[in-house]
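Participant: Listed below are the residues making up each chain.
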Amino acid sequence: MTAVWVTVVAVGLATMAIKSAGTLLVGGRTLPPRVQAALEHLAPALLAALVVSQALGGSGGGFAIDARLAGLAAAAVALVFRAPLLLVVTVAAATAAIVRALG
Amino acid sequence: MRRPTHPPAGPGYLDGVRAAAPIGIAAFAFGVSFGVLARSAGMGRLAPVVMSLTTFAGSAQFAAASILGAGGGVAAAVAAAVLLNLRYGPMGLSAASTLKGPWWLRALTAQTVVDESWAIAQRDDGRIDRHLLVGAGLLLAVGWVGGTAVGVLAGNLVADPASLGLDAAFPALFLALLAGQLGPRETQTTEGRTGSERPPTVSRGPSWSRGRSRLLAALGGALIALALMPVAGPGVPIIAASLACLIGARRS
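Quick mapping for you: the protein sequence lines, in order, are chains A and B. Residue 69 in the numbering used here sits at position 69 of the first sequence; the count goes up by one each step and never skips. To convert, count from 1 in the second sequence and add 1000; that's the numbering used here.
Please keep in mind that the hints were generated in silico from the structure rather than gathered at the bench. Be aware that a few hints might be false.
[To be verified] SDA-like mimics (lysine to any residue), calculated; alpha carbons at most 25 Å apart, straight line:
#1 B:Lys1100 - B:Asp1160
#2 B:Lys1100 - A:Val6
#3 B:Lys1100 - B:Arg1127
#4 B:Lys1100 - A:Ala14
#5 B:Lys1100 - A:Gly12
#6 B:Lys1100 - A:Leu31
#7 B:Lys1100 - B:Asp1125
#8 B:Lys1100 - A:Asp66
#9 B:Lys1100 - A:Met16
#10 B:Lys1100 - A:Gly27
#11 B:Lys1100 - A:Thr30
#12 B:Lys1100 - A:Gly28
#13 B:Lys1100 - A:Pro32
#14 B:Lys1100 - B:Leu1014
#15 B:Lys1100 - B:Gly1211
#16 B:Lys1100 - A:Leu25
#17 B:Lys1100 - A:Gln36
#18 B:Lys1100 - A:Ala17
#19 B:Lys1100 - A:Arg29
#20 B:Lys1100 - A:Ala21
#21 B:Lys1100 - A:Leu13
#22 B:Lys1100 - A:Pro33
#23 B:Lys1100 - A:Val26
#24 B:Lys1100 - A:Leu24
#25 B:Lys1100 - B:Gly1071
#26 B:Lys1100 - B:Leu1138
Just chain A, with the same shape it has in the complex:
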């Protein structure tokens, strides 16, 4: 039980520190233009990495190809047809659920 609470407190404190480090270090200051320009490219870089890792990542690292990939493909089709976000997410989940139920 103690090991559990040590883990919970340590991970919680570390995560809170990581999340708030940026704002506590930068404060209200304006960042140098080059840093700001780099940060404006963080979203595409991380979003693409998150798509890859969430769609292809295995539970213990490495790759795992499963129904998530079919869901992602369906989401891509929905995006081509300019579907709203709710529909894109729903189509992906429904496709993955159907593929799993069949497979």
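Based on the hints, put chain B in the right spot on chain A.
Facilitator: Frame of chain A; chain B shown alone:
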């Protein structure tokens, strides 16, 4: 469609809540499954809920609970979770300039940063919208913590999230938000529901070159993640992929 109570032109907190609603259901379902896993890993009832409230990051919590359950020890569990959460460093930095108030309030607001809320809060000009971030983050927190509580108390009353395909909802969300980042801005602003409420952005250079450098950053991030996933532990590919944002530093 009722407007939020804030008069300014930008989106309000409720827009963030609304934008996060589609993924809130998935967050709740995975909260339930985290509660079930944590309980079976011997974490008891209270600790998993406290962890969801304070750590508030799915992948790190699943990793820590799995390691504890397998008898991997505290150090391994903490190290894995911290490694998975390192990506919130650059994410928090990118949100830093938009947070307001005294240091403790800014530190508290920064806790609403998770992958999904941070992604939803992206503005067309590459900065973070604080209202979208907080609205989306709070809705996700309610779903995640509430789901965890249901999971530890009631067990698996809800179906396995994977059988509902909800694990496919997250890459789909990130793909949709990525497409919004890379798509032409004109069509976005005329079509997007919240887009029309956003303040006009200051154009810095021709938009085609901006779109191109964003595309390069996305390709770089995806390639770094793909290359590292087979060889590096969970968390490392994502934090390494954030380096692809340096492509943008050349262009200012």
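Participant: Give a verdict on every hint.
Facilitator: Going through the hints against the structure:
1. B:Lys1100 - B:Asp1160: 40 Å, violated
2. B:Lys1100 - A:Val6: 32 Å, violated
3. B:Lys1100 - B:Arg1127: This hinted pair holds, its Cα atoms lying about 14 Å apart.
4. B:Lys1100 - A:Ala14: With Cα atoms ~22 Å apart, Lys1100 of chain B and Ala14 of chain A stay inside 25 Å; holds.
5. B:Lys1100 - A:Gly12: Satisfied, since the Cα-Cα distance of roughly 23 Å is no more than 25 Å.
6. B:Lys1100 - A:Leu31: Since the Cα atoms of Lys1100 of chain B and Leu31 of chain A sit roughly 15 Å apart, the hinted pair holds (cutoff 25 Å).
7. B:Lys1100 - B:Asp1125: 19 Å, holds
8. B:Lys1100 - A:Asp66: This hinted pair is violated, its Cα atoms lying about 43 Å apart.
9. B:Lys1100 - A:Met16: Since the Cα atoms of Lys1100 of chain B and Met16 of chain A sit roughly 18 Å apart, the hinted pair holds (cutoff 25 Å).
10. B:Lys1100 - A:Gly27: Cα-Cα ~9 Å, so holds.
11. B:Lys1100 - A:Thr30: This hinted pair holds, its Cα atoms lying about 13 Å apart.
12. B:Lys1100 - A:Gly28: 8 Å, holds
13. B:Lys1100 - A:Pro32: 19 Å, holds
14. B:Lys1100 - B:Leu1014: Holds, because 18 Å separates the two Cα atoms, which is no more than 25 Å.
15. B:Lys1100 - B:Gly1211: 29 Å, violated
16. B:Lys1100 - A:Leu25: 14 Å, holds
17. B:Lys1100 - A:Gln36: 18 Å, holds
18. B:Lys1100 - A:Ala17: Distance of about 18 Å is within 25 Å: holds.
19. B:Lys1100 - A:Arg29: 11 Å, holds
20. B:Lys1100 - A:Ala21: Between Lys1100 of chain B and Ala21 of chain A the Cα gap is close to 15 Å, so the pair holds against 25 Å.
21. B:Lys1100 - A:Leu13: Answer holds: Lys1100 of chain B to Leu13 of chain A is near 22 Å, not above 25 Å.
22. B:Lys1100 - A:Pro33: 20 Å, holds
23. B:Lys1100 - A:Val26: 12 Å, holds
24. B:Lys1100 - A:Leu24: 11 Å, holds
25. B:Lys1100 - B:Gly1071: 43 Å, violated
26. B:Lys1100 - B:Leu1138: Since the Cα atoms of Lys1100 of chain B and Leu1138 of chain B sit roughly 17 Å apart, the hinted pair holds (cutoff 25 Å).
The structure fails hints 1, 2, 8, 15, 25 (numbered hints given earlier, in ascending order).
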